[in-house]
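A.B. asks: These are the residues of each chain, in order.
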Amino acid sequence: GENVEQHPSTLSVQEGDSAVIKCTYSDSASNYFPWYKQELGKRPQLIIDIRSNVGEKKDQRIAVTLNKTAKHFSLHITETQPEDSAVYFCAASGSGGSNYKLTFGKGTLLTVNP
Amino acid sequence: KAGVTQTPRYLIKTRGQQVTLSCSPISGHRSVSWYQQTPGQGLQFLFEYFSETQRNKGNFPGRFSGRQFSNSRSEMNVSTLELGDSALYLCASSLGQPETEAFFGQGTRLTVV
Chain A
1 GENVEQHPST LSVQEGDSAV IKCTYSDSAS NYFPWYKQEL GKRPQLIIDI
51 RSNVGEKKDQ RIAVTLNKTA KHFSLHITET QPEDSAVYFC AASGSGGSNY
101 KLTFGKGTLL TVNP
Chain B
1001 KAGVTQTPRY LIKTRGQQVT LSCSPISGHR SVSWYQQTPG QGLQFLFEYF
1051 SETQRNKGNF PGRFSGRQFS NSRSEMNVST LELGDSALYL CASSLGQPET
1101 EAFFGQGTRL TVV
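If you read the protein sequences in the order shown, they are chains A and B.
Quick note: the first sequence, position 101, residue 101 per the numbering used here, numbers continuous.
If you count the second sequence from 1, you need to add 1000 to reach the numbering used here.
It is worth saying that the hints were derived from the structure and are not from the lab.
Fair warning: there could be bad hints in the mix.
Unchecked claim - Below, simulated DSSO-like cross-link-like pairs (lysine-lysine); rule was C-alpha separation at most 27 angstroms, straight line:
| id | chain 1 | residue 1 | chain 2 | residue 2 |
| --- | --- | --- | --- | --- |
| 1 | A | K22 | A | K71 |
| 2 | A | K68 | A | K57 |
| 3 | A | K58 | A | K37 |
| 4 | B | K1057 | A | K37 |
| 5 | A | K42 | B | K1057 |
| 6 | A | K42 | B | K1013 |
| 7 | A | K42 | A | K57 |
| 8 | A | K22 | A | K68 |
| 9 | A | K57 | A | K37 |
| 10 | B | K1013 | B | K1057 |
| 11 | A | K68 | A | K106 |
| 12 | A | K68 | A | K42 |
| 13 | A | K106 | A | K57 |
| 14 | B | K1057 | A | K106 |
| 15 | B | K1057 | A | K68 |
| 16 | A | K71 | B | K1057 |
| 17 | A | K106 | A | K37 |
| 18 | A | K58 | A | K42 |
To be verified - Covered, in the sense of this in silico footprint (three residues per stretch, anywhere, with C-beta under 8 angstroms from a C-beta of chain A), are these stretches of chain B:
| id | segment |
| --- | --- |
| 19 | 1007-1016 |
| 20 | 1028-1042 |
| 21 | 1094-1107 |
Said to hold, decoys possible - Short derived list, chain B residues pointing at chain A, Cβ under 10 angstroms:
| id | residue |
| --- | --- |
| 22 | G1003 |
| 23 | F1045 |
| 24 | K1057 |
| 25 | G1058 |
| 26 | N1059 |
| 27 | L1090 |
| 28 | V1112 |
For glycine and all other residues, C-beta sits at the position ideal for the given N, C-alpha and C.
Please put together the full structure from these sequences, using the hints given.
C.D. replies: If you want it as structure tokens, here you go:
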């Protein structure tokens, strides 16, 4: 089955700096890659997603890049703010009969220091 | 519109007991997925239901089961609880097509003592 590795597990940055979180996946047929943000005590919420026919997608300070050949995708947050502090999860959808199933990485705890 | 609702929010059970968790999806969503979240393990997929049928299943023992009703509400049951079952159980609903956003509920915090 699909396996998703996420790095780093913790990331601490100064306010205004950029943050990058990287994920690799194992199933070359996966075609949907969402990123979720989970604040302490709250539910995960989708912040951005990318499909396999696109190499990059941006939404204000957030961008995601996808390299299907290397089977990795990354989340980039620019001009970080304290409210960006949360746990971020990457995920990949399976292929074939598993394309309704999301496999998640283990998460990255991002801390933005004022 | 109302979001995904999970009940109860908190549960404390004794080892060996069984428990049932409930998930009401967003109106119009026909797919409900269940995940177990534990510190350091992220979100692990349990199963997914669409129109009352289980479409996908994760690698959990048979003590974990679920079902979905005709109104798309879903329940998850865990029998013969073990200490290691203590976790946050999250459900997520979606329209059920590939590559569509999954919306999560607040979760049920299960503690097994």
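A.B. asks: Would you mind marking each hint as holding or not holding in the structure?
C.D. replies: Status of the hints after comparison with the structure:
1. A:K22 / A:K71: holds (11 angstroms)
2. A:K68 / A:K57: Distance ~14 angstroms between A:K68 and A:K57 Cα, so the pair holds.
3. A:K58 / A:K37: Status holds; Cα separation ~16 angstroms.
4. B:K1057 / A:K37: holds (24 angstroms)
5. A:K42 / B:K1057: It holds: about 25 angstroms lies between the C-alpha atoms, which stays within 27 angstroms.
6. A:K42 / B:K1013: Given pair A:K42, B:K1013 holds - Cα atoms ~23 angstroms apart, limit 27 angstroms.
7. A:K42 / A:K57: holds (26 angstroms)
8. A:K22 / A:K68: holds (13 angstroms)
9. A:K57 / A:K37: holds (17 angstroms)
10. B:K1013 / B:K1057: holds (25 angstroms)
11. A:K68 / A:K106: Within the cut-off at roughly 21 angstroms; holds.
12. A:K68 / A:K42: violated (32 angstroms)
13. A:K106 / A:K57: holds (23 angstroms)
14. B:K1057 / A:K106: holds (19 angstroms)
15. B:K1057 / A:K68: Distance of about 26 angstroms is within 27 angstroms: holds.
16. A:K71 / B:K1057: Holds: A:K71 and B:K1057 sit about 24 angstroms apart, inside 27 angstroms.
17. A:K106 / A:K37: holds (12 angstroms)
18. A:K58 / A:K42: holds (25 angstroms)
19. 1007-1016: violated (count 0)
20. 1028-1042: It holds: at least three residues are needed, and the segment 1028-1042 of chain B offers 6 whose Cβ sits within less than 8 angstroms of chain A.
21. 1094-1107: holds (count 10)
22. G1003: Since chain A brings a Cβ to about 8 angstroms from B:G1003, closer than 10 angstroms, the hint holds.
23. F1045: holds (6 angstroms)
24. K1057: Nearest chain A Cβ about 9 angstroms off; hint holds.
25. G1058: Since the shortest Cβ distance to chain A is 8 angstroms, the answer is holds.
26. N1059: Since chain A brings a Cβ to about 8 angstroms from B:N1059, closer than 10 angstroms, the hint holds.
27. L1090: holds (7 angstroms)
28. V1112: violated (20 angstroms)
When the structure is compared with the earlier hints, violations turn up for hints 12, 19 and 28 and for no others.
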